[in-house]
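Kindly produce the complete structure, drawing on both the sequences and the hints.
2 protein chains.
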Amino acid sequence: MSDNKKWVYLFDEVEEAEKAVGGAWDDVRGLLGGKGANLAEMTRIGLPVPPGFTITTEACIAYQNEGEAFLDKIWDDVLSALHKIEEKTGKKFGDPSNPLLVSVRSGAKFSMPGMMDTILNVGLNDEVAQGMVKLTGDARFVYDAYRRLIQMFGTVVMGIEDEAFEDYLTEVKEKKGVKSDTELTAEDWKQVTEEFKAIFKRETGRDFPQDPLEQLRLATEAVFKSWNSPRAISYRNTAGISHDLGTAVNVVTMVFGNMGDDSGTGVAFTRDPATGEKKLFGDYLINAQGEDVVAGIRTPKPISALKEEMPEVYEQFVDIVEKLEKHYREMQDVEFTIERGKLWMLQTRDGKRTARAAIRIAVEMAEEGLITREQAVMRVTPDQVDMLLHPQFDDKAKDQARSAGRMIAKGINASPGAAVGKVVFDADTAAELGKKGKGEKIVLVRPETKPDDVHGMVAAQGILTSRGGATSHAAVVARQFGIPCVAGAEALSIDLDKRLFTVGDVTVKEGDVISIDGGTGEVFVGEIPTVTPEFEKETYLIKLLSWADEFRRLGVRANADYPRDAARARRYGAEGIGLCRTEHMFFEEERLPIVQKMILAEPGSDEEKAELAKLLPFQRQDFYGPSEAMDGLPLIIRLIDPPLHEFLPSYEELLVEVTELRITGKDPEKLAEKEEMLKAVEELREFNPMLGLRGVRLGIMRPEINKMQVRAIFEAACDFKKNGGDPHVEVMIPVTNAETELAFMRRLLEAEAKAVMEEKGVEVDYMFGTMIELPRAAIIADRMAEYAEFFSYGTNDLTQTTFGISRDDAEGKFLLKYVEEGLLPNNPFQVLDPDGVGYLVRLGVEKGRSTRPDLEVGICGEHGGNPPSVHFCHKAGLNYVSCSPFRVPIARLAAAQAALEEKGVKAK
Amino acid sequence: MSDNKKWVYLFDEVEEAEKAVGGAWDDVRGLLGGKGANLAEMTRIGLPVPPGFTITTEACIAYQNEGEAFLDKIWDDVLSALHKIEEKTGKKFGDPSNPLLVSVRSGAKFSMPGMMDTILNVGLNDEVAQGMVKLTGDARFVYDAYRRLIQMFGTVVMGIEDEAFEDYLTEVKEKKGVKSDTELTAEDWKQVTEEFKAIFKRETGRDFPQDPLEQLRLATEAVFKSWNSPRAISYRNTAGISHDLGTAVNVVTMVFGNMGDDSGTGVAFTRDPATGEKKLFGDYLINAQGEDVVAGIRTPKPISALKEEMPEVYEQFVDIVEKLEKHYREMQDVEFTIERGKLWMLQTRDGKRTARAAIRIAVEMAEEGLITREQAVMRVTPDQVDMLLHPQFDDKAKDQARSAGRMIAKGINASPGAAVGKVVFDADTAAELGKKGKGEKIVLVRPETKPDDVHGMVAAQGILTSRGGATSHAAVVARQFGIPCVAGAEALSIDLDKRLFTVGDVTVKEGDVISIDGGTGEVFVGEIPTVTPEFEKETYLIKLLSWADEFRRLGVRANADYPRDAARARRYGAEGIGLCRTEHMFFEEERLPIVQKMILAEPGSDEEKAELAKLLPFQRQDFYGPSEAMDGLPLIIRLIDPPLHEFLPSYEELLVEVTELRITGKDPEKLAEKEEMLKAVEELREFNPMLGLRGVRLGIMRPEINKMQVRAIFEAACDFKKNGGDPHVEVMIPVTNAETELAFMRRLLEAEAKAVMEEKGVEVDYMFGTMIELPRAAIIADRMAEYAEFFSYGTNDLTQTTFGISRDDAEGKFLLKYVEEGLLPNNPFQVLDPDGVGYLVRLGVEKGRSTRPDLEVGICGEHGGNPPSVHFCHKAGLNYVSCSPFRVPIARLAAAQAALEEKGVKAK
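Protein sequence lines, in the order shown, are assigned to chains A and B.
Quick note on numbering: our numbering labels position 233 of the first sequence as 1210, and the sequence is numbered without any gaps.
Quick note on numbering: our numbering labels position 828 of the second sequence as 1805, and the sequence is numbered without any gaps.
Derived by calculation from the structure, the hints in this document are not laboratory data.
It is possible that part of the hints are untrue.
Because identical chains share one entry, a pair is satisfied inside a single copy or across any pair of copies.
[Unchecked claim] No farther apart than 16 Å at their CA atoms in a straight line, the calculated lysine to aspartate or glutamate pairs in the EDC-like style are these: (1) 1656 to 1474; (2) 1303 to 1341; (3) 1656 to 1629; (4) 1656 to 1579.
Source: prediction; values computed, not measured.
In structure tokens, the structure reads:
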């Protein structure tokens, strides 16, 4: 009796289940669990599935609410289902003369750790065992099966520690002088069975239940209880899975692959899960049980060998898996058993695969007509594309290193990819070793990085910092250049003087090799082998992305400062440069002294002009390269952004130097010089540099710098046009918060641009626009748009100011805790905050377009390459996202998925 | 002929002027200028005004557009008006036998510098002069008048340098061996007149015009031209006066006070402009011209003496000024001349007055029934109230000091008031000297101040910094405590080691006395005497504010941390505390070591708890005082706000100390200790502390601190209630940007509050709420209001984040320039930015009240005491503003004015 609700479905009752939930396959999986639903589905399409039934997830939930008493209510339904299986199999549960054995397995909608393991051979007891020995003549097989039931039931259902059983087994093997279970005889197993029953009694205070129905009921209840195991609850919390789903219980007739040479068991994938190649892939063992394949005692044979050994079974199997793939329109991972020449399918599910395989499978299935191109695009995750584009550690080698205790720290996974190299503790050495053809692979290790470390960072294979987070300077630059980076590995105690770092009792000196995984944040001592992909060779990915391009509405540009990055971005599919910064170049060795002199000169003085005149040819050259690389496409160049003190020596270092020189009195001349510099730096340094004299403010206070930059931009563009190129320049003014700033700068700079074009006798296509990176700029966007022909959201700074959080300070100190505690759903520097920052983005778009309907609006913050943020940008009606070259393919995919999602296209 | 438009109005045609503009007096002033309108008005009400006419401001504007030719069009109108004056006076322009002389004066709607000076005696020429000598028998008078005309006309109309005339005059006096003009004879003046004509010809290439009509026309044109003098344009730009107003030209019959002992001239105020007392106040001279009163050659007599000398004239004059005051309902400043016993009124205008007088006059006029109480409230400016509440320098003494070259620098007027004291260069010495009954008056001079300087700041008479702006730490604290402060006086070169500062070649050592004016930013060496007002004695102000309280809708609270400030705030009319900070107290001598130990302890450790337990009784005491002072009124206490590193020693100082100790090797123990502290400070220091680990973030990372504070708050409140008090506690959580933060902290803290109340067995009235000081908090205010019962806008930080501008960095470096260049209308840290910050305030109010209609919303940023910002808060529907105790009266007035303005009440 069960309130008219159907709590139990036989595998051949899938239509009824569908009706009960309203028809959707996803809801059938919700009701029967993934495993149960697939067993039922296989049954429906006529595949050989051992008879069985599923107790629904709804029963599990009802059990959670009502407890043990609930089982009474549904037990008649269970028994009735059991009887039907008896009828189908012609066997009888608990009947020694023709016993039905079953397995009991949990099966929730989503698989998760902490759920109850499978219990095999339920239905065996002393009497049934004797009967089976008679029936099969194989006492070894029977008592091995029986002792397994007691062991599994004891540990899984009754909570006995597994050692209790295993210790005894070890003892027996030692006594017999054998090493493996297979060497034990029927008699041995019978003795083990007896002892296991004794252990069971000792540990639980009760006999091992001889009543098969009691076994079934206890096992069922154990599955239900396991839904609320601490591990399962914790996993669901983390993965965001509802606690109200419940798990189903699958009761399946046992079939045995270990009944002789006409029996066997195996697992297979319908395509190669490593490469995606369309080719049956798997292993099997003759005369073996499923566990034996996993245990690795005997080496399994490749599935192709079955063609020789059992041609008919093989043929049937091939037919079945083809049918399955067509049915599910997805690569399948199946388990099968051959019992005395008869093939049984025990499980099918979507197969796990590598990123590369996922892409190939999606593309080939679309080409085979199994799925649409839209579906193919929806099936590949942006993370999979990301994984394909960064060097990766060899998984096995990494596992081994982990086991060997070589993993010494874990920081923030700031920029994906694997890096191996010699530890170097300063940027100059890194640049020295990494650049000049010395071919040294190095990893730059610093407490944190600064803009004047960039020359060393780009020369490194990887970057490791002990401070800062996923949007620290190190992280941002690393992602920009596609360099693997682990940031904020706080376990590291770095001693720059001694040129070493320690983690606990491990000491790593300069020159020692380490390996860092920027995708996981792991840090290893020693080398781990890596695998490096090349975009151009990823033909399936290229095809998939070309489809994605057809579906997306959002443009994709790249943030690139150097010609080589611009070129890479274009190869990766960028449709322009969304952000070309102009300040990195200022740090280059031959320029920095000029830049510093220029900074220290009086604004508007002849000296300032003279130094700027020296910088002009450099900058002209800086801008020619990207113009060339982006021939015919838009190129947004941002005028100088950081505060000028970033280009001067560090205040703290100067302070120490001056103090030393003062005390030692050794070099009065140097002291005077350093004191002067210290004074200059002190005048320029700021309490909150992020909110200081930078961007357009600098442009207003020191207009000559911006004028030089605009001159360089237009000289480069005119030269390029004269050389047959097609430049489209967009000059971007950063850190604005009032339309008056834009009006002021634009008047000044457009005049300079026009002067250049007149001098050169060439007209180039250009626009003037602004970053929107401060809340006020978004709020008064209607006024900003009067002077700006384009907006580019600088969501890094916009996030900092909207939240009032400094990214450099927050991630190591409190942001991780915020995400852990659920105070924020994500790190807002990684995933664009739709509520706060997003509000301002939407407001700015709306107000900006109210003034200028054809306003071009994009985003050039870190978020431009983050898939959920790309979705946001699509919905907010932006024209494009701009991200690091390495994330361009990811953004292309995410943009297409956003557009398809809007149209209601689903992956399946 | 003039297109039917009337370009010229006789003084008795004011009704026609009214008709032409539609009746409003303000528009009459617009048409005729202030001077002309008042002359016409005096004529209308029957006062003796010399006949004359006004050429309108419209004519001036038409002249600007059409140039000289325009004068032809209106000249007939001018001549016709002139004829009417001739008729009225019985004199004739240019007729030697009975000549009419006139003055020509500019007169715009608002008086401004750069406009043309008055030209007297227009109509005199050689022939007329001879005629006048015959008529008056006073050749000395006539030729003095004539040479004045040539001199004024030459300089003002023709642009001759005044030296050309004055040099000759000096030469004549030297030759005659006399010192003053009065000693020159008729013959001398005749000779001077001749020579002036020669100078005129030499300098201009033309003869002095003998045609009186040509004189009039050229003078009129000169007035028109002066409207666009560079000085006038620049003034209008600064003062925000439209360039389209134009100036009128007033042509007035000359009357002479220097025609004997029955003649005279004087100026008077209808009330005492210094005190406001209702008593005629002014001076006059017998047998003198207006200029002579100003020149100070003879000492004028008080107006009361006229009662004896010319009783009838005096009586008539008293009648006239009473009539004028009643007519204008405002204290008048009049000019008069007595010509041969006949009184003539030459000008009346609203009289300038001191702040104190303005208040008394407004109050007494309301009590006299001349104006309404609403008008009285509208008439006093908040600045006037401000001036009354801070010690002021004696104006004359300051002028003398300026002339003596004692003003050495000018910084930002950061906190108003005058301060005199000995220079001290560090907070400890300041606290030492200023506090312990030593009665030393000191001025603390620092490059900038920090929170741990507060104990010295509050002990000082004044604060002077060489860095930072109007919202730097020094400025904010100074205003908070009503201490005069000049910030960012960049001319000062401070040498802390040598304990002196220099400005140019002036050196000021510790102990030297200086005087600073926080209202003007001036810095003087030496002492300047001050005048200190007392609120309680300002009975007129107290009455005016009591009226203001009846009219305002907005509540006024105070920001006060200490009981004495709270008490002052209440005396000044505060209706509660809007912000009681809890961190200043942490810096006190006996607590700082405990605070530092607590900071360095492991979060959640027993050590942390032990140190917090030591702080608890201090904090309980901290909160008892303000509770007591605000008995029955709300008291908002903000939980700890600044980052913890602010309580530790400065990183830079430690770095220098450690470097020194390392090199000298003298004290290894101290080195170790300092190194440890350096490491701790390094771990806590931040790139952008303003955006770092502070406020609620600190509460989440180190909840024990907030718990201790809430315990202290509720223990104090419970104790106070037990002692018969009536506490209303509002616990404010700062720096929030997500409702989850509020939910988290409130759950934690309300539990603590309830625990305390249970322990004490007392229930106190309380609320939990939050600062809204980050853009995101305002944007998601609907969600914030789920957990907050009140909002308080922290507009300092909200301005910083909305603009992306650090107040500490911006004001000295670029914000002044922004305001100067018109890039921003105001310093947004002084006047709340209605467009950006104001948008977020309005949005937050609207969204917050959508969730919680009875949400209490206030503002506790610096803007709470700024009148335009108070107007904004009124319009935005806030419940109250909170400001420093010293600004409470200002806020009360401004709030009333905002409410009255909304109702359309005008000052007049």
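Hint by hint, here is what the structure shows:
{"no.": "1", "hint": "1656 to 1474", "verdict": "between (26 Å within a copy, 15 Å between copies)"}
{"no.": "2", "hint": "1303 to 1341", "verdict": "within (13 Å within a copy, 97 Å between copies)"}
{"no.": "3", "hint": "1656 to 1629", "verdict": "both (12 Å within a copy, 14 Å between copies)"}
{"no.": "4", "hint": "1656 to 1579", "verdict": "within (15 Å within a copy, 38 Å between copies)"}
Comparing the model with each numbered hint stated earlier shows that all of them hold.
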